[in-house]
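Participant: Sequence:
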Amino acid sequence: MVWRMDEADREGVSQVNAEEEEASSSGYRLVPWQSWEEWNVIREKLLSSSPESVRVALNR
Numbered sequence: 001m002v003w004r005m006d007e008a009d010r011e012g013v014s015q016v017n018a019e020e021e022e023a024s025s026s027g028y029r030l031v032p033w034q035s036w037e038e039w040n041v042i043r044e045k046l047l048s049s050s051p052e053s054v055r056v057a058l059n060r
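Here the sequence shown stands for residues 1 to 60, where the numbers follow full-length UniProt numbering.
Bear in mind the hints are in silico, worked out from the structure with no lab data behind them. Virtual Cβ for every residue (Gly too), placed ideally from N, Cα, C. Nothing false has been slipped in among the hints.
Derived DEER-like restraints, expressed as beta-carbon distance ranges:
(1) 56 x 31: 17 to 27 Å
(2) 30 x 57: 14 to 24 Å
(3) 59 x 36: 18 to 28 Å
(4) 27 x 53: 31 to 41 Å
Hey, can you work out the whole structure from these sequences and the hints?
Facilitator: Here it is in structure tokens:
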């Protein structure tokens, strides 16, 4: 599977990069999940052999 970035993806990456730069200067790091429990669920789905689970995790 090949993933191609469209304009919305590029804008999102630019926004995330700007937020990370701002966060790193304050000593905090932004992450796309709200808790370690949520991250563990996402991580398990990302590493799953099920394409549907991976899709759900990526859409999160």
